[in-house]
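Residues per chain, in single letters:
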Amino acid sequence: MVIAAVVLLLGFIVWRGVQLFVVSGVPVTQILSPTWQPDPLSEGTTYGLLPFIAGTLAVMAVAAIVSTPLSVGLALFMAEVAPTWARRIAQPAMEVFVGIPSVVYGWLGLTILVPFLRVHFGWLGFTTGFSWLAGSLVLALMILPTITSISYDAFVAVPADMRSASLALGTTRWQAIRHVVLPTAAAGVATAIVFGLTRAAGEALAVQMVIGNSPIIPTSLARPVTTLTSQITLDMSDATGTWNEALWTMGLVLLLISLAFVLLIRWLGRGRSRA
Amino acid sequence: MRRSLAADRLATAVLWAVAVFVILVLVAIIAYFVIESIPTFSLAFLVADPSLTDIGGIGPVLWNSAYMLVLTMLLTVPLGVLGGIYMAEYAGEGWLTNAIRFSQELISSVPSIVVGLFGFALFVAATGWGFTALGGALTLMVFNLPLLLRLSEQAIRTVPADERAASLALGATKWQTIRHAVLPVAIPGVVTGIVLTAGRVFGEAAALLFTAGLSTPTRYDFSNLNPLDPQSPWSPFRNATTLSVFIWKSNSEGLGNYVHEVANMSSMVLIVMVLAFNLGSRWLGGALQRRVSGL
Amino acid sequence: MNTPQGASPVTATRPTPTPLAIASLQPELTGLNPDAPVKLRAQDVSVRYGDRMAVRDVTLDVREHSVMAFIGPSGCGKSTVLRCFDRMNDLIPGAAVEGRIELDGEDVYAPSVLPVEVRRKVGLVFQRPNPFPMSIYENVAFGPRRHGEQDKARLDDVVERALRQAALWDEVKDDLRKKSGLSLSGGQQQRLCIARTLATDPEVILMDEPCSALDPIATLKIEELIAQLKADYTIVIVTHNMQQAARVSDRTAFFTLGEDRAGYLVELDETLRIFTNPANQLTEDYVSGRFG
Ligand SMILES: Nc1ncnc2c1ncn2[C@@H]1O[C@H](COP(=O)(O)OP(=O)(O)OP(=O)(O)O)[C@@H](O)[C@H]1O
Ligand SMILES: [Mg+2]
Chain A
296 MVIAAVVLLL GFIVWRGVQL FVVSGVPVTQ ILSPTWQPDP LSEGTTYGLL PFIAGTLAVM
356 AVAAIVSTPL SVGLALFMAE VAPTWARRIA QPAMEVFVGI PSVVYGWLGL TILVPFLRVH
416 FGWLGFTTGF SWLAGSLVLA LMILPTITSI SYDAFVAVPA DMRSASLALG TTRWQAIRHV
476 VLPTAAAGVA TAIVFGLTRA AGEALAVQMV IGNSPIIPTS LARPVTTLTS QITLDMSDAT
536 GTWNEALWTM GLVLLLISLA FVLLIRWLGR GRSRA
Chain B
13 MRRSLAADRL ATAVLWAVAV FVILVLVAII AYFVIESIPT FSLAFLVADP SLTDIGGIGP
73 VLWNSAYMLV LTMLLTVPLG VLGGIYMAEY AGEGWLTNAI RFSQELISSV PSIVVGLFGF
133 ALFVAATGWG FTALGGALTL MVFNLPLLLR LSEQAIRTVP ADERAASLAL GATKWQTIRH
193 AVLPVAIPGV VTGIVLTAGR VFGEAAALLF TAGLSTPTRY DFSNLNPLDP QSPWSPFRNA
253 TTLSVFIWKS NSEGLGNYVH EVANMSSMVL IVMVLAFNLG SRWLGGALQR RVSGL
Chain C
11 MNTPQGASPV TATRPTPTPL AIASLQPELT GLNPDAPVKL RAQDVSVRYG DRMAVRDVTL
71 DVREHSVMAF IGPSGCGKST VLRCFDRMND LIPGAAVEGR IELDGEDVYA PSVLPVEVRR
131 KVGLVFQRPN PFPMSIYENV AFGPRRHGEQ DKARLDDVVE RALRQAALWD EVKDDLRKKS
191 GLSLSGGQQQ RLCIARTLAT DPEVILMDEP CSALDPIATL KIEELIAQLK ADYTIVIVTH
251 NMQQAARVSD RTAFFTLGED RAGYLVELDE TLRIFTNPAN QLTEDYVSGR FG
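Residue numbers (the numbering used here), protein chains in the order written: chain A, 296 to 570; chain B, 13 to 307; chain C, 11 to 302.
Any given hint could turn out to be false.
Stated by the list, open to error - Listing some non-contacts, in silico: residues in chain B with all C-beta distances to chain C over 12 angstroms:
id, residue
1, 53
2, 61
3, 86
4, 94
5, 102
6, 137
7, 180
8, 188
9, 247
10, 248
11, 298
What the hints assert, rightly or not - If you want a taste of the chain B side facing chain A, the calculated C-beta under 10 angstroms gives, among others:
id, residue
12, 20
13, 26
14, 42
Rather than coming from a laboratory, the hints here were simulated on the basis of the structure. Each residue gets a CB set at the ideal place from its N, CA and C atoms; glycine is no exception.
In isolation and in its complexed conformation, chain A is listed as follows (with noise of 0.2 angstroms):
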């Protein structure tokens, strides 16, 4: 039954999204272009998907920067340094992160992030505000909470006695996490990384309320782009005809993009369960 309906939506996915190629006789070779040109009213049409997915990684990328000291550092704080009282308050505080819907990121995103960077850094190029950072930054705070319970429970997962061979040593216990169980836990942390750039790319709502949506490759932090997601999202409800199935073949890519996330995550899965 779930592989009844896995096969069915991929398969599902994967036909609709090569309508473009075979129905409408686009060249494959033309989603790469960087001109997104679906208006049929306008003369020439040109389907390129680059600037979505383009756009996706980078607003992927930057939020995982900025996500993953946080989220690694809270995860060490948990496992390695909090005292019990600590350890209390933060874990159910990872759930109520959890918790929160991203619609309520994207408002937070869009009454707050916005405007604040807007009007404090207007001068570094952010116009309207809407801008690739943005939405990185909104995206962070939501893998955040993924990225922490993954690495929090690579981290538990290293042996005690590790800790105890190397405080016996007479390490400090940086040296320890450091050097023991950093390591030892690294494939845990990757997978746990690739856990939350699975959830960026694939988030849509929060992203689209902030990136500002100009199908431009980017180039600047504080310049508006857009992403797969959301142009999914703004554009489906009256896209017709070719445009609609330039749209199926944006959720393919993500399909595909998701795919091999999955891939990732059981190629380091695999490489830690032999270690």
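Assemble chains B and C with the ligands onto chain A, guided by the hints.
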């Protein structure tokens, strides 16, 4: 020596700082919504109809969220729990089990907007239903079912082997054993899984945009009990904008003069609901645990 | 027989112990030097975990370049006392140490003393072998590296010497860097852990049932190792194996559980005496197998 001690102190301080920072951000988020909501919040907001000229309320969308929740769980729970029992007790280690697990992993990482696309094509366009609560619920099922399946499988697997062995040794059949020895012990975990899954229904929006619909309902006539009438709030064949979708919509469309206040209060309500689900699942799981072990 | 501390000829000439050597042990062959300075001292030491008193009022001292064995029934606090000497009890939440622990006459628990410093001078070999998930070389080089040694040639040297001392060199020298410490057998892992401790150049080595997971051959190797190490280190070993205590140690401390379920030190004496003519009835019952 002195350097490594300094590094240790520095690292400890940094880790503390990170933790305090993150927790403060969280507190700030929640405090923001509470503070922003207090001046305009009233209980009437929870039940009133949305309005273009006044603050109005979120009665209908809240109702829709609850409705979607019940509908989705009705579809998901029986299949999810039975599937979990199968996976924990009957499935061996064959290629089939492997394929199921891989499918679970895959589907849990498929972006919800893609699941929404799929639901749109299948339950909205192909069936000719249009945007309906049922279509939305079926779409949500696509990723809630694997989740519940996994959570209930885990809950059942944690039942100690001796409980099983003891029952089997008394001559009980496999199903009797599951029914009387395994399930009662696994129930707290399963219930926690159900409540966690339910919490996600409340928060999900992307998958519902193109399946349960976006229109803002104005007034519901709860006396209309005909479940097939698309005007009836009881009907699964009607538009059902949920609270999350409603918040998203307020950024793109705007409802009137009070968009800001309404969205803030709605966010607060949503957060409170999701928190209630999380805490509720812990509490319920714990309470059931005590009952079971008390028996 | 009163050789000054340093390489002790007494140790060097000591015949390889055999399981039946207890009765044949001669006092002059035990290597006990009553004039050697006290290396470790416990003065009225009590340890509690939370509310529960684990061991109370232990007073003992260990002389330099001698081997002290801790014996006694399970749960009487041998490991607990052992962990006081290198402040590993600090890591256990709720553990509280009272009394005074001295290393070279200095209070190990004084506020100005850092646990890290104590643990560098006092190495600990755990009951269960716990090599790091790294290559054999990295395992042994771990301590020196953390303590700032970066010179490759010197590290190579330290690693080789430690592995030779731990009688592991010949078995692993060909794949020092290729093989993970975890891929060794249990006995080899334990010797690797000993080598890892030796490489940090401690003054005292504490061993908590180092042979409990090992076969008799590996056990014998470790016992021989202890006999050699005594020349350079002060050693405290916890063991459940009476014959082992008799074979390797100069003095033996017998602990047991009191009526209040807290452990205490019953008797501390020369090993030969503990096993042949103990002063306390409890000790006699224990070593002759009538108890525990
Ligand atoms: N980490 C701990 N937390 C709480 N109590 C502990 C801890 N470690 C030991 N204890 C308690 O302290 C008492 C002494 O334990 P200890 O491990 O020192 O005994 P032992 O003599 O080494 O026993 P064994 O021979 O079995 O190793 C025991 O009652 C034990 O329950
Ligand atoms: Mg012990």
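Hint numbers the structure violates, sorted upward?
-> Checked against the structure, no hint fails, so every one of them is satisfied.
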